[in-house]
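K.L.:
Residue strings, one per chain:
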Amino acid sequence: MSLEPFGKITSRTVVLPQENIDTDQIIPARFLTTTTREGLGKAAFYDWRYDEGGRPKNSSIFNGVNPATHRILVAGSNFGCGSSREHAPWALLDFGFRVVISSDIADIFKSNALKNGLLPVTVDKETHQRLLASPGAEASVDLETQTVRIDGGGEARFSIEPFARRCLLDGVDPLGRILGQMAEIEKYEEARA
Amino acid sequence: MKPQSLFDKLWARHVVVEETAEAPALLYIDLHLIHEVTSPQAFTTLATRGLNVRRPDRTLATLDHSTPTLPAGKDGRLAYASAEAAAQVETLIRNCEREGIRLLGLGDKDRGIVHVIGPELGATQPGKTIVCGDSHTSTHGAFGALAFGIGTTEVGHVLATQCLLQRKPKSMRVNFRGALPAGVGAKDMALAMIAQIGADGGQGYAIEFAGAAIGALSMEGRMTLCNMSIEAGARVGMVAPDEKTLAWLKGRPMAPAGDNWDKAVDDWLALATDDGAAFDREVDIDISALSPMITYGVSPDAAAPVGGAAPEAASEAQAHGADYMKIAAGTPIAEVAVNRVFIGSCTNSRLEDLRAAAQVLRGRRVKKGVVMLVVPGSEAIKRAAEAENLHRTFIDAGAEWREPGCSMCIAMNGDKGEPGDLVVSTSNRNFIGRQGKDVRTVLASPATAAASAIEGRIADPRPYLAKETANVA
Ligand code: SF4
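Each protein sequence line maps, in turn, to chains A and B.
Numbering follows the numbering used here, with no gaps: position 143 of the first sequence is 143.
Numbering follows the numbering used here, with no gaps: position 299 of the second sequence is 299.
Treat the hints with caution; some may be incorrect.
[Claimed, not checked] Going by beta-carbon spacing under 7 angstroms, a handful of chain B positions derived as facing chain A:
hint : residue
1    : 70
2    : 88
3    : 218
4    : 219
5    : 411
6    : 431
[What the hints assert, rightly or not] Below, a list of computed lysine-lysine pairs in the DSS-like style, where the Cα atoms sit at most 27 angstroms apart:
hint : chain 1 : residue 1 : chain 2 : residue 2
7    : A       : 125       : B       : 326
8    : B       : 109       : B       : 250
9    : B       : 437       : B       : 368
10   : B       : 368       : A       : 187
11   : B       : 437       : A       : 187
12   : B       : 168       : B       : 9
13   : A       : 187       : B       : 109
14   : A       : 42        : B       : 437
15   : B       : 170       : A       : 125
16   : A       : 57        : B       : 326
17   : B       : 437       : A       : 57
No lab work stands behind these hints, which were simulated from the structure alone.
Here the structure is a predicted model, which is why all the values come from computation and not from measurement.
The beta carbon of each residue, even a glycine, is placed where N, CA and C say it ideally should be.
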């Protein structure tokens, strides 16, 4: 599946200051019985957004969030820990997010996010604090230059695995690349057989 | 040659195309385990692209996450949590049939939790790369395999090519110092380690567990420890193969036999970390005075000795955890009331675990008002436990003895707690809502869980264990 090339995103932030937000929070397990990738936005942070009766919670931070204008999620450290469910980035993307920023993002989540066009950005502690302190601020995330700029002051560079970056910028499909190395794979198998 | 670690050796053996600054390595995968929850979308990707599963012979499937643990009703039907759950199971059955993948389906005598059946069948072997769309794939590292969890897109990559694009993680050695005291075991070691290094302390690392206490652990105990590596943020946990590894594997259906066995043994024993091999980080954990451990918060690093008190929150996250758990700082842990107990999951559902729980429960009863579920990890474990009459001990004590599956570990098959419940669970995650909406989870060993069931509050299992029992799972 080739993805739409990832350009620059300028948008408002949604801030979830909690540390260790695990994938069970991002999408509870009872929504994992699906056999497709689509339509999981409604399940994103479900138990944060809705009460037992399925009514939106007044206290939810997601109230008043317009997915069209709030495409950057800022979260406390160790975001995305826990299960390997790719349903987590699928749900965040379907909800409308294109970028997740934290000081520290769990490995499997990061890898899953990158493969689906959700950009995981890890920034230094100071920038992180500044972002956490200003919910709803406008921020720009530029993958080409690997910078985050916060409206009203503050700019930081972020690093990202170069291959994943190329894939996102150019819409390159990693599976296509592996398939292109089939000769090497066959040679490896023969040598070991 | 430069001294190499177990991890270095395994990595080097599986590189098809070397890593460069621009691109990750192409890594060959020897064994791909799949289950119903994280595979359907990967099969769809293959179908969309006109691809087939390249090596069905290196792929093994089971049903575990969504499957009910109650036996089929009179009409022969299973009580699925939803029509969607049933459809998910059907989808895996169809995908495996179409692609010629061996499926340990419903009714198969070898069916069980994905990380239990691999070692049980001898499919999990030293020196192999093993992946699965499940983060606890680290379990298989107990055999000296390089095993890690992947997402569904990567499941698709492996199905289509038997390879993955991966950067080599950094390496960490966790040295357990001292001997394990009586009445404590691998689960307690795991919780102590996570408490020490933090839930993200292993992020970016492949961990090797070392020290005399690791050599002394059973294979079951090593699996428990490697299983929990991911709760410290590490995707990989491993133990070098030794005589215990060989004793476990010998004669298993998928293990090498005859001359092949002898050859494999030489190869496997040479995998151990060389003297002087370098690690990016080394951590020492002293276990000589370790107590049974439990968690009191909503992250697995919020762990403390069962005889202790819940500590002061050191961060906002911990304060929030204490709120959710309704365990205020200073509360003696052994006073926390329990109304549900779960013994099961790929962390602690093996025969040794069930024996440890049964030893505590034998001749005793689960406290009135406490619901206790015992869910064996596989059909084979269920049979073995029943052959020893362990199920009688559980049933006589007032617990429920169920069919194998993930059950309350992930609570997506209908087995779950009720809002407000406090569950002592032998599984691996105490996240908010993991075992049902507003359910509070306390992680513990099987012995601690059983003792807590008897007392109706979190309890130290040691008084219930006979003196001669050195180690429990
Ligand atoms: S028992 Fe729990 S952790 Fe293990 S495979 Fe099942 S859901 Fe995952």
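K.L.:
Would you mind marking each hint as holding or not holding in the structure?
P.N.:
Results for each hint:
no.: 1; hint: 70; verdict: violated, 17 angstroms
no.: 2; hint: 88; verdict: holds, 5 angstroms
no.: 3; hint: 218; verdict: violated, 27 angstroms
no.: 4; hint: 219; verdict: violated, 24 angstroms
no.: 5; hint: 411; verdict: holds, 6 angstroms
no.: 6; hint: 431; verdict: holds, 4 angstroms
no.: 7; hint: 125(A) <-> 326(B); verdict: violated, 31 angstroms
no.: 8; hint: 109(B) <-> 250(B); verdict: holds, 20 angstroms
no.: 9; hint: 437(B) <-> 368(B); verdict: holds, 24 angstroms
no.: 10; hint: 368(B) <-> 187(A); verdict: violated, 64 angstroms
no.: 11; hint: 437(B) <-> 187(A); verdict: violated, 51 angstroms
no.: 12; hint: 168(B) <-> 9(B); verdict: holds, 12 angstroms
no.: 13; hint: 187(A) <-> 109(B); verdict: violated, 37 angstroms
no.: 14; hint: 42(A) <-> 437(B); verdict: holds, 17 angstroms
no.: 15; hint: 170(B) <-> 125(A); verdict: holds, 22 angstroms
no.: 16; hint: 57(A) <-> 326(B); verdict: holds, 21 angstroms
no.: 17; hint: 437(B) <-> 57(A); verdict: holds, 15 angstroms
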